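Peer 1: Listed below, chain by chain, are the residues.
Protein chains: 2
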Amino acid sequence: MFSEKMMELGKKRSVIREIFEYGNLRRSQIGAENVFDFSLGNPSIPAPDVVNDVMVDLIKNKPSVALHGYTSAQGDAGVRKAIADNINERFCADAKPELIYMTCGAAASLTITLNALLNVGDEVVLLAPFFPEYRVFVEKAGGVVKTVKCREEDFQIDFLALEEVITKKTKAIIINSPNNPSGAVLNRETITLLAELLNKKADEFGTDIYVLADEPYRELVYNDLEVPYIPNFYDNTVVCYSFSKSLSLPGERIGYIYVSSKAKNYGDLYAAVCGAGRALGFVCAPSLLQYTVKEVLGKTADISVYEKNRNLLYNALTSYGYTAVRPDGAFYLFIKSPEADANAFCERAKKYELLLVPGDDFGYEGYVRISYCVSTEMIEKALPEFEKLINEYK
Amino acid sequence: MFSEKMMELGKKRSVIREIFEYGNLRRSQIGAENVFDFSLGNPSIPAPDVVNDVMVDLIKNKPSVALHGYTSAQGDAGVRKAIADNINERFCADAKPELIYMTCGAAASLTITLNALLNVGDEVVLLAPFFPEYRVFVEKAGGVVKTVKCREEDFQIDFLALEEVITKKTKAIIINSPNNPSGAVLNRETITLLAELLNKKADEFGTDIYVLADEPYRELVYNDLEVPYIPNFYDNTVVCYSFSKSLSLPGERIGYIYVSSKAKNYGDLYAAVCGAGRALGFVCAPSLLQYTVKEVLGKTADISVYEKNRNLLYNALTSYGYTAVRPDGAFYLFIKSPEADANAFCERAKKYELLLVPGDDFGYEGYVRISYCVSTEMIEKALPEFEKLINEYK
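As you go down the protein sequences, you meet chains E and A in turn. Sequence positions in the first sequence follow this note's numbering and run 1 to 394. Sequence positions in the second sequence follow this note's numbering and run 395 to 788.
Hint data in this document are derived by calculation from the structure and do not stem from the laboratory. Please read all numbers here as calculations on a predicted model, not as lab measurements. Honestly, I wouldn't trust all of these hints.
To be verified - Only pairs whose alpha carbons sit at most 20 Å apart, straight line, appear in this in silico DMTMM-like list of lysine to aspartate or glutamate:
no.	chain 1	residue 1	chain 2	residue 2
1	A	K399	E	E139
2	E	K5	A	D516
3	E	K11	A	D451
4	A	K454	E	D268
5	A	K406	E	D302
6	E	K62	A	D451
7	A	K399	E	D302
8	A	K788	A	D754
9	A	K456	E	D49
10	A	K399	E	D49
11	E	K62	A	D447
12	E	K264	A	E398
13	A	K775	A	E747
14	A	K454	E	D302
Claimed, not checked - Under 8 Å between C-beta atoms, here's a sample of chain E residues computed to sit facing chain A:
no.	residue
15	F2
16	P46
17	A107
18	L110
19	S248
20	P250
21	A272
22	A276
23	P286
Even for Gly, the Cβ is constructed at its ideal location relative to N, Cα and C.
Produce the complete structure using the sequences and hints provided.
Peer 2: Right under this line is the structure:
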């Protein structure tokens, strides 16, 4: 028999996938314009024109063998230099091209880093609510997941709870800010306290604890809010970045790993990243995309649409009586379910053709994720349905 | 400490990489035109124009969100349909779109399939000479490598030797035809005998033994030679394909896995492939490349250059006194080292600025790989040096 574990993983449809399939069914039955699908995290705005212009220019003008040939496994040297420069410019950090490793997107950044870091049985802390695939990635890399719930009032870290789960076996903690699914941005105070706690516990246990900063949503913040750059606060940090959301390129799979130049034994750690990338079969990140992002660093798709959607949705829903923390970033609103069982609430929402995702898989029961990377028109049309839905509970 | 194994893997430069770095040094010292670098397997001919035309057309005309958005994890349904149709047309096979899984190239095809198949301790047979990364991929997936040498006279399978290494724990055998590094194509008789032997041993042990057909070089054959399509000969086959070599797109990372519709429990096996792809962090194959290969199925780069190079190199080297089996495919010539130690021979070759790869890492000592995916001019210029080199042994 082949791997039962992989088979189960392949068979088990994620909840989001189930909802998506249900949505397809309803769209075929009543027309796409009558289904309010808030389930997916697929950017709804086009890539900026400059991305397509750069791609066409590269295809037309860069020699084929240079453009489409292998880059080094770590990524093209010029691309890594540009990214390091960009990091240093934006965050006054000390990034070095030789500590940048180009990847096929955020998921690859995470699996490569986890496989580089973990020995069998090492523990990885996840702050709930968290992206459900983290659990899959950690377990496949031989790790054991430990979860801690963030504070309900603002989705910042609950440090008393966090301190309790950190043990001698804790190898890493994944930080995802702006957060999927809460939209919360961990503020400067939280990151400072986190660094203090991790340093204290690492000293106490005589271990190293790594922060994996999963940052696909870094550029998606509103009101010019600061997203603290974790390597500036905590030394043993690996940044897992992706251009998927900021440039609306999720299908193209392009991102990078940055091993902080302040991390202990950063050279060895970077070597482990290279080894893991190799052993998992990544070879190199797609070359056309590497050369493309180099030319558009600092650019984003027109994310003002998301901010508009957030304001519209948050203001309307809270006025109807829903409870939610106003999201500062990403494109998710995480509302409290008006009944204890978020699954039951999402079932009821289907009556109004509202497709929402229960928070259970994100490690946060009693909450529901609403993705607002959709058209503003759809939100406007859906609002009366949200109102009818909550009125059922009054 | 993070993973020692991954760190070592990242630090250990491959022999090919060492030679490449040495080549860079020499190129800077004496000029690129005076260094005869036969070490790399990077296609030297451009992608066919149609590839770039299709890419530009897609970028200009397909809506951004559709082009650059996530495809399903298995790959776009239309792309998979086109690939299945193409397989069926070419090989009278019974491929189904729902058994095709798009990947980031051949390495990803292999790691995903190995992680789908293997439980810890399962054995995987490699036929030497073999691509050195196979060992890395198998071991990372929890498997144990068993090697068998192919026959020196023609690099077909030595069935007596193969039968000896197949045990109750044998889960898979990797078949790479046309072969890197020998250029050998396993003929119809060999594949027929292989199927018989595997069926016999699987019956004997009451197990399933899978063939992983690693086929990045399928289209690179000369004199219209047949490359038998293994799913037509053996049921439990998974084809790991890549467009890297045939379309000269190795940096773009695009390929696929095809689970034979005749494999036992093919649905479960395909589910395990999906699970492994997910757990390793692949998400989906690059979307632009998926849509591109759909439009150019059956096309190849101008591989006549490789055939010309093969003839030139093989005829000249054997006339000087080198021993080699004439390669029928891929772009490698595997010559017998005129001294027992191929490493010593490759060192000596450097005197003539000839950069060659010893066969040791391919599991075949006393042989040397010469990549002829280089310019014909370079080969012409290098031939007198090859002659001087062998004359040292006369």
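Peer 1: Please go over all the hints and tell whether each is borne out by the structure.
Peer 2: The hints, checked one at a time:
1. A:K399 x E:E139: Measuring from Cα to Cα gives roughly 18 Å; hence the hint holds.
2. E:K5 x A:D516: Between E:K5 and A:D516 the Cα gap is close to 15 Å, so the pair holds against 20 Å.
3. E:K11 x A:D451: violated, 36 Å
4. A:K454 x E:D268: violated, 44 Å
5. A:K406 x E:D302: violated, 44 Å
6. E:K62 x A:D451: Judged against 20 Å, a Cα distance of about 17 Å means the pair holds.
7. A:K399 x E:D302: violated, 43 Å
8. A:K788 x A:D754: violated, 24 Å
9. A:K456 x E:D49: Status holds; Cα separation ~13 Å.
10. A:K399 x E:D49: This hinted pair is violated, its Cα atoms lying about 43 Å apart.
11. E:K62 x A:D447: holds, 14 Å
12. E:K264 x A:E398: Within the cut-off at roughly 15 Å; holds.
13. A:K775 x A:E747: Holds, at about 11 Å.
14. A:K454 x E:D302: Answer holds: A:K454 to E:D302 is near 19 Å, not above 20 Å.
15. F2: holds, 5 Å
16. P46: holds, 3 Å
17. A107: This hint holds: E:A107 lies near chain A, its Cβ roughly 4 Å from the closest one there, short of 8 Å.
18. L110: holds, 6 Å
19. S248: holds, 6 Å
20. P250: Where the cut-off is 8 Å and the nearest Cβ of chain A is about 5 Å from E:P250, the hint holds.
21. A272: Hint on E:A272: holds, closest Cβ of chain A at ~4 Å, below 8 Å.
22. A276: holds, 5 Å
23. P286: With a minimum Cβ separation of about 5 Å from chain A (threshold 8 Å), the hint on E:P286 holds.
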